[in-house]
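Input sequences plus hints: build the corresponding full structure.
Here's the letter readout for the chains.
Protein chains: 2
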Amino acid sequence: MADQKHVVIVGAGFGGVRLAKELAKENVRVTLVDRHNYHLFQPLLYQVSTAVLSASEIAYPTRQFFKNNQNVNFYMSKVTGVDQDRRVVITKHGEISYDYLVLAAGATTNFFGNKSVERNSYAMKTLQEAIALRGHIIHEFERAARKSAPEEREARRRHLNFVIVGGGATGIEMAGALMELIEIFKKEFHTIDFSEVSVTLLEAMGSVLPMVPPDLQQHTIDVLRKKGVDVRLNTAVTEYDGNDLTLNNGEVIPTKTVIWAAGVRAQDFIKDCGGEVDRAGRVIVEENLLVKGSDRVFAIGDCANFQHGDLQRPLPTVAPVATQEAMQVKKNIMALIAGKTPDQLEKFVYHDLGAMATIGKGEAVMNGPMPVLGFNLKASGFFAWFAWMLVHLVRLAGKYADFTVSVKWIWNFFFGTRLARIIHSKLE
Amino acid sequence: MADQKHVVIVGAGFGGVRLAKELAKENVRVTLVDRHNYHLFQPLLYQVSTAVLSASEIAYPTRQFFKNNQNVNFYMSKVTGVDQDRRVVITKHGEISYDYLVLAAGATTNFFGNKSVERNSYAMKTLQEAIALRGHIIHEFERAARKSAPEEREARRRHLNFVIVGGGATGIEMAGALMELIEIFKKEFHTIDFSEVSVTLLEAMGSVLPMVPPDLQQHTIDVLRKKGVDVRLNTAVTEYDGNDLTLNNGEVIPTKTVIWAAGVRAQDFIKDCGGEVDRAGRVIVEENLLVKGSDRVFAIGDCANFQHGDLQRPLPTVAPVATQEAMQVKKNIMALIAGKTPDQLEKFVYHDLGAMATIGKGEAVMNGPMPVLGFNLKASGFFAWFAWMLVHLVRLAGKYADFTVSVKWIWNFFFGTRLARIIHSKLE
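Line by line, the protein sequences give chains A and B. Going by UniProt numbering, the first residue of the first sequence is number 1, and it counts up by one from there. Going by UniProt numbering, the first residue of the second sequence is number 1, and it counts up by one from there.
Hints in this document: simulated from the structure, not taken from any laboratory. Yeah, the Cβ is synthetic: ideal placement off N, Cα and C, and Gly gets one too. Check each hint, because a few of them may be wrong.
[As the list claims (entries may be wrong)] Where chain B lies over chain A, by a calculated footprint (3+ residues, C-beta under 8 angstroms):
1) 29-42
2) 74-81
3) 153-160
4) 180-192
5) 318-331
6) 397-407
Okay, structure coming up:
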């Protein structure tokens, strides 16, 4: 197959894996590049941070997707840039030449230039970050348990105050899951006075979950407050030195734990791929998903800025955008191979599937058009939570994970057990 | 309960946890100290190294054992010594005074003074070591996959030669499980020539598995060789610089992976606990399990040298020794509290339960007295493997792990799936 065209895909997230699976069926050669050897199910990362799931339940070996596809190869490396003139992807381990290239590199945490926060807070975008955060949270309780003398109260409080920044889905889900983890700790840390424990959720805007209607936003806040979360709106962070968090109203929260879930941006190398990028580092794409100015480089998912038609802002950074774009890019690459020109390619149209977020056991909110049913569905409570579980199970990679995650959720629902409570870091 | 005696237990392994569970029922106060926050099921550590099980399936949160026992406290710290005169355990975070002390600190890897091996090889005693080894093995295949040019053959071979040192249960089980992992890789690394992959098992003595009869030893060697393991007896390691392993016959194996399963010794701090220690650093105990010369410090399990009666050597470093000793120490502590003197305490008698090791899917060897049935049982093959599974499931901590580990083993048996294949280390 010497005449097979070579498609290189950068990133094995939702978009990259979907695209590689689709192209695997075609007469093309595919190389999928990622710095990790697994596909990460990011929407459930907060469940690793809070010891509900283990890492291997949301991290699926990328090569396993393609064991029956001899035309798909995986290349584990970090991409540092693209030379569009020479048609090569530059990685830490060498260059890979391409006929067609798709950037599907996802997003990383956006600290909006605040260096003190970047240095000292916990981010929630990679598996390593989630595992480090899990270990840290549990370790803070162990540290507090060792400081039982009355004069150690100040030091102890600093260990037991937890602050989450950002009222999007990640921040909300983290806050709910953390409160449940603390319920389990109440039974096990016999010497800790749990009135000294606090969880605070800070949101710079006037409400949480911008993608759901105001009544569901208020419902979410009510549920979190009932669980004991101190939800503060219109409150932003100005500085954090690892011991004291300073807010924009001048208040200082003594805490060793700031969890940053306040924003995302594209990976740094995206700006070195030869396209035009926006303020969040995303590459601007045409309606056919080609990178502006290129006839063979596409970009999809969180690293792409698609803003056409009625859109007031780029598409949201969610999995359905990436997978729908992947399907369109597959069609467009096959069209180019068949001899079409870029201006003859189909335009991408996003079908909004709505939004959902879980607030804890038996509680979630959802809002979205139901294309099949022909109406908009808005729901909260147990029904929304059940729907949330089903949607996430369906999207998980692999039947085995479907099975064990279901069992774990059911087990956790009835017995409140959190087993994945491993502190990996060394004792300091 | 101001008159409650305080028992401090160092180590939350099989012996320490069993003892704490037993003492929880008594009118004593217990503090269990460990540097990790989990109880580790060490016999299945090789299954984490080979991506069969995830870490959380063999690491059980120690505090969860005692959630209903207000008289048992956990203290997460590293013990550095004991001052028997002042009756205090010295930890990295402060001192803990005791009325009675039990050393149950387990064992660590013994490199027998070979510094080059210690620096460059992979040990298999802690969860961190098992996870690092797992990541390294998978990473070596990824590295080899990136080096596909003919002139890179030498470098590639170095990535694809794997050497295990030690023909005890750990080495045997690791070799068998590694061969099965490689079978899975054969389907997924499309560009690797698997004739370049080798697994070598080195044993310094004339046979493997010293605790089973010669015919089972030979059977084990035969099974491993049939699986493709290069088993070499009477072969020892002299040096390893991280690239080339030198053997005592002068041969050099180019390899990036030496897995050291050749010996154990007590933790370093055991020598600083005020007792007499043997060459492997274990503290010498009397027949009543009191540390020689003490009337209130006991030692059990892998950190104790119990050699009395007909024994030609210390008891084996296996879980049943530790748990049986724990039961005896519990009785002896309660007897001391009740006013007995050390010379009135019961002597410990070990009931040998035999030995078993699995060589791979459907293959194991077992040998042991069956006290209930009244005869010695020697078996190999599928029956022994099934018995091995049952014995390990029964001993695992927690019903949830019993369930998920069973499911995973069954799944792996039929589909050969290894999901826990996460490389945590950073790309270099």
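Quick rundown of the hints versus the structure:
1. Given a C-beta distance limit of less than 8 angstroms, the hint that chain B covers the region 29-42 of chain A holds, as 4 residues qualify and 3 suffice.
2. Coverage of a stretch by a chain is defined here by at least three residues with a beta carbon nearer than 8 angstroms to that chain's beta carbons; for the region 74-81 of chain A and chain B the count is 5, and the condition holds.
3. For the region 153-160 of chain A, the stated coverage by chain B is violated: 0 residues have a C-beta nearer than 8 angstroms to a C-beta of that chain, whereas at least 3 were required.
4. Only when three residues or more bring their CB closer than 8 angstroms to a CB of chain B does the claim for the region 180-192 of chain A stand; here the count is 5, and the claim holds.
5. With 0 residues carrying a beta carbon less than 8 angstroms from a beta carbon of chain B, the region 318-331 of chain A misses the three-residue requirement, and the given coverage is violated.
6. Interface restraint, the region 397-407 of chain A with chain B: holds (6 residues with C-beta to C-beta distance below 8 angstroms; minimum three).
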